[in-house]
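Chain residues, written in single-letter form:
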Amino acid sequence: MMGLLVLLNSHKGSEDVALLADDLDLEIDEILPSLEYAQVLQLVRVTDGRVSFTDLGKRLVQGSIRDRKAIIRDQLRRTALFKTILRALESASEHCLSGEELNQIIAFTTAPSDEAVQNIVNWGRYADLFRYDADERRLVAVRRPPTARTGPNRPPPPGGSTGPVERSTGEGKAPRPSAGSDPSPRLAGAASATA
Amino acid sequence: MTLIRVEHVDKSFASRHGTMSIMQDISFEVKDSDFLAIVGPSGCGKSTLLRLIQGLDQPTAGHIFFRDQPVVGVCSQMAMVFQSFALYPWLTVSQNVAFGLEALHWPRERIAPQVERYVSVTGLDGFQEAYPRELSGGMRQRVGLARALAVEPAVLLMDEPFSALDPLTAASLREEVLQLWRDPQLPPEAVLLVSHNIEEAIELADRVIVFSRRPGHILAEVTVDLPRPRDRKSSAFYDLTDRVYSLITEGGQSGIASAGAETATPHAG
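Protein chains in written order, with the working numbering: chain A, 3 to 197; chain B, 8 to 276.
FYI, nobody ran anything at the bench for these hints, they're computed from the structure.
Watch out, some of these pointers could steer you wrong.
Reference listing, derived: stretches of chain A covered by chain B, where coverage requires no fewer than 3 residues with Cβ under 8 Å from a Cβ of chain B [stated by the list, open to error]:
| id | region |
| --- | --- |
| 1 | 102-115 |
| 2 | 122-131 |
Some chain A residues flagged as far from chain B (calculated, every beta-carbon gap over 12 Å) [what the hints assert, rightly or not]:
| id | residue |
| --- | --- |
| 3 | ASN11 |
| 4 | SER12 |
| 5 | HIS13 |
| 6 | LEU26 |
| 7 | ASP27 |
| 8 | SER36 |
| 9 | VAL42 |
| 10 | ARG52 |
| 11 | LYS71 |
| 12 | ASP76 |
| 13 | SER93 |
| 14 | SER95 |
| 15 | HIS97 |
| 16 | ASP135 |
| 17 | ALA136 |
Quick reminder that beta carbons are idealized off the backbone N, C-alpha and C, glycines included.
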């Protein structure tokens with residue numbers, strides 16, 4: 003995705019999607035997954051086949067590698083999937099989630115294939131939202147200052163409830179995961195998304 | 008200030024069919040804050056030249072200097088990034104980055120903060136405990152980059168570093184390398200990139216040295232005076248690309264002719 007933003011920047015921040023793809027001799031469908039990530043994270047908007055930076059996207063591409071990471075972190079936190087994962091981590095014993103528990107959460111939005119899991123793990127690692135212990139196959143919370151906590155609602159322990167974690171902890175702002183609003187279905191689509 | 012000076016370097020290898028000349032009479036300089044690219048067809052000796060410059064191998068004739076000192080043995084002021092990433096699969100990201108420092112016998116207590124710093128500047132924080140197999144190609148190459156930069160080299164040598172990556176990943180990594188190179192707080196002072204990709208060289212470098220086919224010799228040095236970020240579809244960019252292509256195709260033919268005349272070349276090219 004970052005490659006797409008860098009590319010867009012070399013086109014002065016606004017370009018026809020087809021021409022952008024053509025720049026790297028790619029077909030449009032090869033840049034679509036990246037484009038969708040960027041849209042979900044509100045870094046670009048697409049109107050009439052033309053993609054342009056949002057203010058945030060402009061700020062990201064002009065920032066240092068560290069600034070970029072911080073922006074992605076904030077934006078990922080707003081997505082339903084990461085909200086759910088982070089809340090679950092927060093309330094989990096020892097702030098760890100097993101691979102099984104992670105699969106359960108992911109299953110609400112997409113099929114938890116190995117690729118999807120790895121992809122979500124990569125996004126989370128990139129944004130420094132959680133760590134992943136590959137030997138133990140478990141997600142581990144990253145300790146943060148209290149201001150960085152996601153919200154006042156304490157979610158039930160994951161797996162402890164039969165209902166969707168998402169629904170029981172929603173703050174009203176978090177939409178139900180749907181194909182149109184959540185990055186996760188497409189997170190399964192491009193393995194190298196974070197790069 | 009001149010960092011690297013390559014003077015009349017020849018390299019040849021003995022083979023069953025006689026001596027095979029890899030490159031002939033190579034001379035150029037890498038100066039402080041240079042971004043220099045070497046392009047040429049595959050087999051023209053570009054990678055061999057990087058190895059000679061770092062001191063991994065010796066030239067058959069000629070001299071290589073780093074800050075006016077002859078390069079003898081592996082020079083710790085230079086670090087290499089490889090096309091194949093060359094990571095140790097059984098080591099985590101942090102351990103891979105630490106590897107170069109351990110090899111240079113850094114004191115243990117200085118290694119951890121140094122690793123942390125370069126993991127962070129290359130955008131790898133969060134991945135410290137990951138194994139290479141868990142990473143995408145782009146992230147793997149960032150590990151290669153972090154490992155190279157952690158030793159704080161004056162010159163970063165890059166051997167086709169973006170060739171094994173998908174185009175979008177390569178685009179983002181190229182831009183990050185430019186960021187690192189331009190940041191005065193961070194190494195390297197200069198970058199020497201070897202690539203067979205002419206557009207990539209012109210997108211990144213201030214100067215492009217064009218190699219002929221084997222035995223490689225310098226056909227021209229092209230100055231790239233375009234503002235960054237560079238638009239690959241601009242006419243100025245296209246003109247430069249076209250010029251380098253022409254140099255390689257025309258120069259390549261005479262290169263083969265002279266190779267046949269001067270040496271017993273076992274490969275047609």
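We went through each hint and held it up to the structure:
1. 102-115: Since 0 is below three, the answer is violated.
2. 122-131: holds (count 8)
3. ASN11: 6 Å, violated
4. SER12: The claim is violated: SER12/A sits with its nearest Cβ about 4 Å from chain B, within 12 Å.
5. HIS13: 7 Å, violated
6. LEU26: LEU26/A is in fact no farther than 12 Å from some Cβ atom of chain B, at 4 Å.
7. ASP27: Answer for ASP27/A: violated, closest chain B Cβ roughly 7 Å.
8. SER36: 6 Å, violated
9. VAL42: 17 Å, holds
10. ARG52: Consistent with the label, ARG52/A stays out of reach of chain B, its closest Cβ about 16 Å off (over 12 Å).
11. LYS71: 6 Å, violated
12. ASP76: 15 Å, holds
13. SER93: 21 Å, holds
14. SER95: The assertion about SER95/A holds, with a minimum of 20 Å to chain B.
15. HIS97: Given that every Cβ of chain B is farther than 12 Å from that of HIS97/A, nearest at about 15 Å, it holds.
16. ASP135: Incorrect as stated: the minimum Cβ-Cβ distance to chain B is 6 Å, not above 12 Å.
17. ALA136: 6 Å, violated
Checked against the numbered hints given earlier, this structure breaks hints 1, 3, 4, 5, 6, 7, 8, 11, 16 and 17; the rest are met.
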